[in-house]
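As they're listed, the protein sequences go chains A and Y. For the first sequence, the residue numbers in the working numbering are 1 to 336. For the second sequence, the residue numbers in the working numbering are 1001 to 1336.
There's no promise every hint is true.
[To be verified] Lysine to aspartate or glutamate pairs mimicking DMTMM-like chemistry, simulated, CA-CA at most 20 Å apart:
| # | chain 1 | residue 1 | chain 2 | residue 2 |
| --- | --- | --- | --- | --- |
| 1 | Y | 1306 | A | 224 |
| 2 | A | 322 | A | 332 |
| 3 | Y | 1240 | A | 112 |
| 4 | Y | 1108 | Y | 1096 |
| 5 | A | 92 | A | 125 |
| 6 | Y | 1092 | Y | 1114 |
| 7 | A | 306 | Y | 1096 |
| 8 | Y | 1322 | Y | 1287 |
| 9 | A | 92 | A | 132 |
| 10 | Y | 1092 | Y | 1148 |
| 11 | A | 322 | A | 296 |
| 12 | A | 240 | Y | 1224 |
| 13 | Y | 1240 | Y | 1296 |
| 14 | A | 240 | A | 309 |
| 15 | A | 92 | A | 151 |
| 16 | A | 306 | Y | 1224 |
| 17 | Y | 1092 | Y | 1144 |
| 18 | Y | 1306 | A | 223 |
[Said to hold, decoys possible] Incomplete in silico selection of chain Y near chain A, CB under 7 Å:
| # | residue |
| --- | --- |
| 19 | 1196 |
| 20 | 1202 |
| 21 | 1206 |
| 22 | 1208 |
| 23 | 1214 |
| 24 | 1217 |
| 25 | 1222 |
| 26 | 1225 |
| 27 | 1244 |
| 28 | 1267 |
| 29 | 1271 |
| 30 | 1274 |
[Claimed, not checked] Label-pair ranges, simulated between beta-carbon atoms:
| # | chain 1 | residue 1 | chain 2 | residue 2 | range |
| --- | --- | --- | --- | --- | --- |
| 31 | A | 218 | Y | 1108 | 31 to 41 Å |
| 32 | A | 123 | Y | 1233 | 17 to 27 Å |
| 33 | Y | 1231 | A | 96 | 40 to 50 Å |
| 34 | Y | 1164 | A | 234 | 35 to 45 Å |
The hints are simulated quantities; they were obtained by calculation from the structure and are not laboratory data. Backbone N, C-alpha and C fix where the C-beta goes; we use that ideal spot for every residue, glycine too.
What follows is each chain in one-letter form.
2 protein chains.
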Amino acid sequence: MDRTALTRRGLAALIAAAAAAPALAAQSARPMPSWNDGASRTAILDFVRRVTTRGPDYVPPGERIATFDNDGTLWVEAPIYTEAVFLADRVKALVEDNPELRQQQPYKAVLDGDRAQLARLTEADIVRLFDETHSGMTAEAFADLARDWIDSRRDGRFKRLYRELVYQPQLELLSHLRANGFTTFIVSGGGVDFMRGFTERAYGIPPHQVIGSSGKASFALQDDRGVILKQPGVGSVDDKAGKPVNIALHIGHRPILAFGNSDGDLEMLQYTTTGDGARMGLILHHDDAAREYAYDRQSAVGKLDKALDEAPRRGWTVVSMKRDWRRVFPFDAQDS
Amino acid sequence: MDRTALTRRGLAALIAAAAAAPALAAQSARPMPSWNDGASRTAILDFVRRVTTRGPDYVPPGERIATFDNDGTLWVEAPIYTEAVFLADRVKALVEDNPELRQQQPYKAVLDGDRAQLARLTEADIVRLFDETHSGMTAEAFADLARDWIDSRRDGRFKRLYRELVYQPQLELLSHLRANGFTTFIVSGGGVDFMRGFTERAYGIPPHQVIGSSGKASFALQDDRGVILKQPGVGSVDDKAGKPVNIALHIGHRPILAFGNSDGDLEMLQYTTTGDGARMGLILHHDDAAREYAYDRQSAVGKLDKALDEAPRRGWTVVSMKRDWRRVFPFDAQDS
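Using the sequences and the accompanying hints, generate a full structural model.
The following block contains the structure:
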């Protein structure tokens, strides 16, 4: 390459940098605008500043690992997990093809939405329901099913697509962390293949940074095409102690920040915040029945009891949806 | 922010861009300099160009997933897998603490390096050896052990640290892929916790992009500190069909490029190259006894037989170490 070409490339780079200048200015605006001023927002901004600034709390970028629960932390989980609605819709399709199942349990309980019966389902019933709706097809066929569903199914209260029921303040927190060199992961009890149908579009988190529960699987050549077959049986339950175990397996680093909302996140929070150096644990407290839902210690879904008790001793930040969030959903008016 | 400050930031960005200009010039030098001109190098460069250029073969950056086997693909695996040397060293330490094991199998075979006996070890023997050397401690304690070992242990032939026995042409290929928006993963039969002790330093691949075999694990609070305990028992064997299954679980995307060197990589290559759109499969053929090793169809370690037969039909590129690589190791003279 001659020097003229080099100069031309240099000039092109300069022009590109000049074009990027407004983006720099935008970033210097108030970060996390949907968070109200207060102890939670301040604690987050302080933590990010400390671990990114040379000094005693500095953490190199490769170790800036942040893990987020999904259901109830990044999107709505009440009154029932979204994946349970997906499962019920799949059971409906199954019963349409096999009408003799209509009066049999556990299908009947699911189709009737019979809470008393549902509460009585055994673990074997639940595994069977997952097996029959989440396996017996290729991973690609399941991904298509899950994506079609998430792109069309609306919830009962907000009349929105489920994938729109994500929390605007959390989207801003994820962005703020990534802008500061963090790698953001989802670590959720939800099915990994179900979540990957929307997590990149909804949160900007690529599939390989999504950890979840999984079934067994196998590899086969079908018509000379390699496919992954989703098999019956539980692979990994990514909940409670399963979360730190899967973090070690998939990430290989203890996170420095973890955000959850239920006792299912207790061990992930313990693992994250008992490491050496600067650490941050956060719990989203659903205390806003007007804008979303209010539940904690007595809830069947997203029960928050032990982790709430442990929070003060461990120095975890309990985020109040009502007090700390200026706006809940992206579709809310800017000042709701 | 007033306009003067904005201008100052803009100028700072311009100066930073100007400083980066030599790096741009360096990138425009001949990529992958340790690869000889020839069909393999041309096929790789063409593939990368096609998937990064708008046109029929274009692949968006998020789907530019490349998976690499480790043993025999990124570093030396002959005459014996490095992790087996680590295991043998750990067995020695175990027997020093428990001298009564010295005359018992399978320990005796390992300590004597008795190939005939070693070939006779059952799967249960091998699992026991792994259990006794790779579990019974926290993940952090094991990581320290593995890192100390890899930072001090030298091989018999080259008298180098094992972690220096990485292939210079592959380092350049990994860099070339990443410079073109690929995300690079290791998918290896090696133990994931062992590999993570050197993979980031050796290859620039972060721990969460390293997939390997694993044992069982649990979470516990020890003196109120959350730890991962490495437990006996097999978690996942990341070899043969286990590779595409783990790719689906950990990455959630079919790779568009896979590089292996043995029949253990056959299914990963099949899975990668039978997807739609542009795909590339590569096999490193060890045919260079002078600079490294020569082995294929009859080898106990890194046997390459079925995959070599399947390569022409599938259009996989068989890379000849002897013919395609100008230089093998980073410590080799520039023109060896």
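A quick look at each hint next to the structure:
Distance check on the hinted pair: residue 1306 of chain Y and residue 224 of chain A sit about 15 Å apart at the alpha-carbon level, within 20 Å; holds. Simply put, residue 322 of chain A and residue 332 of chain A have alpha-carbon atoms about 14 Å apart, close enough for the 20 Å limit, and the pair holds. Proximity of residue 1240 of chain Y to residue 112 of chain A is assessed by CA-CA distance (about 45 Å); at most 20 Å being required, the pair is judged violated. For the suggested pair residue 1108 of chain Y and residue 1096 of chain Y, the alpha carbons sit about 12 Å apart, so the restraint of at most 20 Å is met.
Of the pairs offered as hints, the one joining residue 92 of chain A and residue 125 of chain A holds, with about 16 Å between alpha carbons and a cut-off of 20 Å not exceeded. Distance restraint check for residue 1092 of chain Y and residue 1114 of chain Y: the Cα-Cα separation of roughly 14 Å lies within the 20 Å cut-off, and the hinted pair is therefore satisfied. A distance of roughly 45 Å separates the Cα atoms of residue 306 of chain A and residue 1096 of chain Y; the hinted pair therefore is violated under the 20 Å criterion. In summary, the hint linking residue 1322 of chain Y to residue 1287 of chain Y is supported, as the alpha carbons are separated by about 6 Å, within the 20 Å threshold.
At roughly 12 Å between alpha-carbon atoms, residue 92 of chain A and residue 132 of chain A fall within 20 Å of each other, so this suggested pair holds. Straight-line distance between C-alpha atoms of residue 1092 of chain Y and residue 1148 of chain Y comes to about 16 Å, which keeps the hinted pair within the 20 Å bound. For the hint linking residue 322 of chain A to residue 296 of chain A, the alpha-carbon distance of about 14 Å falls within 20 Å, and the restraint holds. Restraint check for residue 240 of chain A and residue 1224 of chain Y: satisfied, since their Cα atoms lie roughly 17 Å apart, inside the 20 Å limit.
As the CA atoms of residue 1240 of chain Y and residue 1296 of chain Y are separated by approximately 17 Å, the hinted pair is consistent with the 20 Å bound. Distance check on the hinted pair: residue 240 of chain A and residue 309 of chain A sit about 16 Å apart at the alpha-carbon level, within 20 Å; holds. The suggested pairing of residue 92 of chain A with residue 151 of chain A holds, with an alpha-carbon distance near 18 Å, which does not exceed 20 Å. A C-alpha spacing of about 15 Å is found between residue 306 of chain A and residue 1224 of chain Y, which places the hinted pair at or below 20 Å, so the restraint holds.
Pair hint residue 1092 of chain Y plus residue 1144 of chain Y holds up; C-alpha atoms about 18 Å apart against a cutoff of 20 Å. Restraint check for residue 1306 of chain Y and residue 223 of chain A: the C-alpha separation of about 19 Å stays at or below 20 Å, so the hint holds. Because the beta carbon of residue 1196 of chain Y sits about 5 Å from the nearest beta carbon in chain A, less than 7 Å, this interface hint is met. Taken as an interface hint, residue 1202 of chain Y does not check out: its beta carbon lies about 14 Å from the nearest beta carbon of chain A, beyond 7 Å.
About 6 Å separates the beta-carbon of residue 1206 of chain Y from the nearest beta-carbon of chain A, less than 7 Å, and the hint is met. A cut of 7 Å between beta carbons decides the hint on residue 1208 of chain Y: the least distance to chain A is about 5 Å, and the hint holds. For residue 1214 of chain Y, the suggested interface contact is upheld, since its CB lies about 6 Å from the closest CB of chain A, less than 7 Å. A cut of 7 Å between beta carbons decides the hint on residue 1217 of chain Y: the least distance to chain A is about 5 Å, and the hint holds.
For residue 1222 of chain Y, the interface hint is violated, since its Cβ never comes within 7 Å of a Cβ in chain A; the closest pair sits about 9 Å apart. The interface hint given for residue 1225 of chain Y is met, as the beta carbon of that residue sits about 4 Å from the closest beta carbon of chain A, less than 7 Å. About 4 Å separates the beta-carbon of residue 1244 of chain Y from the nearest beta-carbon of chain A, less than 7 Å, and the hint is met. Hint status for residue 1267 of chain Y relative to chain A: holds, with the closest Cβ pair at about 5 Å, below 7 Å.
Of the supplied interface hints, the one on residue 1271 of chain Y holds, with its beta-carbon coming within about 4 Å of a beta-carbon of chain A, less than 7 Å. Interface restraint check: residue 1274 of chain Y against chain A, minimum CB-CB distance 5 Å, threshold 7 Å, status holds. Range check, residue 218 of chain A to residue 1108 of chain Y: about 37 Å between beta-carbon atoms, so the 31 to 41 Å window is met. A C-beta distance of roughly 22 Å is found between residue 123 of chain A and residue 1233 of chain Y, which places it inside the suggested range of 17 to 27 Å.
Against the hinted window of 40 to 50 Å, the Cβ-Cβ separation of residue 1231 of chain Y and residue 96 of chain A comes to about 44 Å, which satisfies the hint. Taking the beta carbon of each, residue 1164 of chain Y and residue 234 of chain A are about 42 Å apart, inside 35 to 45 Å as hinted.
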